[in-house]
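Q: Taken in sequence, the protein lines are chains A and B.
Sequential numbering from 1 applies to the first sequence in this note's numbering.
Sequential numbering from 1001 applies to the second sequence in this note's numbering.
Calculated from the structure, these hints are not laboratory results.
Among the hints, erroneous ones may be present.
Stated by the list, open to error - Each pair of labels, with its calculated beta carbon distance range: (1) Glu96(A) / Pro1112(B): 13 to 23 Å; (2) Gly151(A) / Glu1138(B): 24 to 34 Å; (3) Lys1145(B) / Lys56(A): 26 to 36 Å; (4) Pro1112(B) / Thr162(A): 40 to 50 Å; (5) Gly215(A) / Glu1087(B): 55 to 65 Å; (6) Glu14(A) / Thr1028(B): 21 to 31 Å; (7) Glu1138(B) / Pro219(A): 43 to 53 Å; (8) Pro171(A) / Asp1116(B): 45 to 55 Å; (9) Ala1111(B) / Val73(A): 48 to 58 Å; (10) Leu1134(B) / Arg65(A): 33 to 43 Å; (11) Ala296(A) / Val1005(B): 20 to 30 Å; (12) Arg248(A) / Thr1131(B): 38 to 48 Å; (13) Thr1028(B) / Thr162(A): 41 to 51 Å.
Stated by the list, open to error - Partial list, derived from the structure: chain A residues whose beta carbon lies under 8 Å from chain B: (14) Ile10; (15) Phe13; (16) Glu14; (17) Thr22; (18) Phe25; (19) Gly41; (20) Val58; (21) Ile71; (22) Leu112; (23) Gln113; (24) Ile114; (25) Ser116; (26) Glu249; (27) Asp252.
Please read these numbers as outputs of a predicted model, since none were measured by experiment.
By construction, the Cβ of each residue, glycine as well, lies at the ideal position given by its N, Cα and C atoms.
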Amino acid sequence: MKSFQYLAPIPSFEYVAPRSLTELFAAFESHGKEFQIMAGGTDLMIALKERIATPKVVVDLGRLRKELGGISVEGGVLRIGALATFSQIESSAFVEKYAGALRQSAANVGTLQIRSIATLGGNLATASPAADSAPPLIALRAAVTLLSGSGQRTLPVQAIFTGPKRNGLRPGEIISSVEIPADVGVRSAWTRAAVRNENALSVVSVAVASTIQDGRFGPSRVALGAVAPTPILAEKASVAMTGSPATREQADKVAAFAAEDSRPISDIRATAHYRKHLVRVLTRRLILQILSEANAP
Amino acid sequence: MLNGVSKTDEIEPNQTLCDYLHDLAGTTSVKKGCDTGECGACTVLLDDMPVTSCLVLAPQIDGRDVVTAEGLGKKSAPHPIQREFVEQDAVQCGYCIPGMIVTLSWIFEHAPGASDAEIRRLMSGNLCRCTGYLQQVEALKSARKRT
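Could you put the whole structure together from the sequences, leaning on the hints where they help?
A: Have a look at this one:
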């Protein structure tokens, strides 16, 4: 039985908790390639217990909440610190106002106990194809700021996901924040299918972000999770939606394109065929939701 | 701080907060169930947020505030949730109860307007293998009525 191995203690390691970014990058420098970064720790703790990760050194970012946390809006940009927890994201008025889809997905991550410690930066760095936060961030055109001892750079959020559980960070680099254009005109929504409502990996997740003006969709993006090696932008669907009539018929067409854009596999949670079906159903549902909210008085 | 009292201990980095609290700090209400963050038996408040202590490394709590079920109330002065768990018979084998009480005390304090559906969503990280969740939800609602 798998669970018995958890009774054995986690193999020992050195624990480092830098108190400044300077200390952090110095710690990276002095430990070469032997360290593992810890943000909230909800993924890493499981990896340590299952011996998937056997680091010599764990570098905990937990003392850097001031530098790497917080949620703010400034200069037309919603900035979410990498160490912001899903509980903080779920209850942020800024996120609700400018990134509705992200708020919805944050409220669905794990359980209350997980959301209390799991962080947005950690969710991205783990780079699961089913990462709950990814489709909303892709749909909302999020950028990710990366920090290292030698400077910073900014990547579109998709570039963080380079393969299943593979991220685009360079050695010695951390995610410092995520930036989303703060535009009240953008409506966004997220939904997913999972085996149960709570504490389950998504079988399919979908996010849509769009504007509606004069009966037409403005710049629109449909993003999908758990239907490809990484979360993806559904390109054909996004193109088909942008500039098209904001109607139920168009929702059907865009949803069909989204299903075409997906490249799912069959696994223990669902068959590829069923996942494609779900992409279509969930995409259509979200677009209809955005339409009905836009038409509401 | 553990249950309002400042505490200093030498701990191994590879020790979980759950093991530290149960085995070394003497707060035996903290139960190890799944040890993978699924069951909620080890739930404690960390800086006033419910967390599964099996997913926290003991050294991570340096300088932070931890409250276990012991810290919520005493036999002579129980927390409203603890009192109502007794009143509503919201206990069977008892293993999940300290974690349940910690989570429900947080919902009681921080989500006073939560609907039944919202209460159930918030307590979905606490599993009971004996009986169910009806009495625990009733305990929360009854605690709300009496305060």
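Q: Look at each hint and say if it fits the structure.
A: Status of the hints after comparison with the structure:
1. Glu96(A) / Pro1112(B): 13 to 23 Å: holds (20 Å)
2. Gly151(A) / Glu1138(B): 24 to 34 Å: For Gly151(A) and Glu1138(B) the Cβ distance comes to about 57 Å; the hint is violated.
3. Lys1145(B) / Lys56(A): 26 to 36 Å: violated (55 Å)
4. Pro1112(B) / Thr162(A): 40 to 50 Å: Given a distance of about 45 Å, which is inside 40 to 50 Å, the answer is holds.
5. Gly215(A) / Glu1087(B): 55 to 65 Å: Since Gly215(A) and Glu1087(B) have Cβ atoms about 58 Å apart, the given range 55 to 65 Å holds.
6. Glu14(A) / Thr1028(B): 21 to 31 Å: Given range 21 to 31 Å: holds, Cβ gap about 30 Å.
7. Glu1138(B) / Pro219(A): 43 to 53 Å: Holds, at about 49 Å.
8. Pro171(A) / Asp1116(B): 45 to 55 Å: Distance hint for Pro171(A), Asp1116(B) holds at roughly 49 Å.
9. Ala1111(B) / Val73(A): 48 to 58 Å: Violated, at about 25 Å.
10. Leu1134(B) / Arg65(A): 33 to 43 Å: holds (38 Å)
11. Ala296(A) / Val1005(B): 20 to 30 Å: With Cβ atoms ~53 Å apart, the hint is violated.
12. Arg248(A) / Thr1131(B): 38 to 48 Å: holds (46 Å)
13. Thr1028(B) / Thr162(A): 41 to 51 Å: This hint holds: roughly 45 Å between Cβ atoms.
14. Ile10: Constraint on Ile10(A) satisfied, holds at 4 Å.
15. Phe13: Where the cut-off is 8 Å and the nearest Cβ of chain B is about 6 Å from Phe13(A), the hint holds.
16. Glu14: holds (7 Å)
17. Thr22: violated (20 Å)
18. Phe25: With a minimum Cβ separation of about 21 Å from chain B (threshold 8 Å), the hint on Phe25(A) is violated.
19. Gly41: holds (6 Å)
20. Val58: holds (7 Å)
21. Ile71: Violated, because the Cβ-Cβ distance from Ile71(A) to chain B comes to roughly 16 Å (cut-off 8 Å).
22. Leu112: OK, holds: Leu112(A) within 8 Å of chain B, min 5 Å.
23. Gln113: holds (4 Å)
24. Ile114: Holds. Min distance 6 Å.
25. Ser116: holds (4 Å)
26. Glu249: violated (33 Å)
27. Asp252: With Cβ-Cβ at 31 Å, over 8 Å, it is violated.
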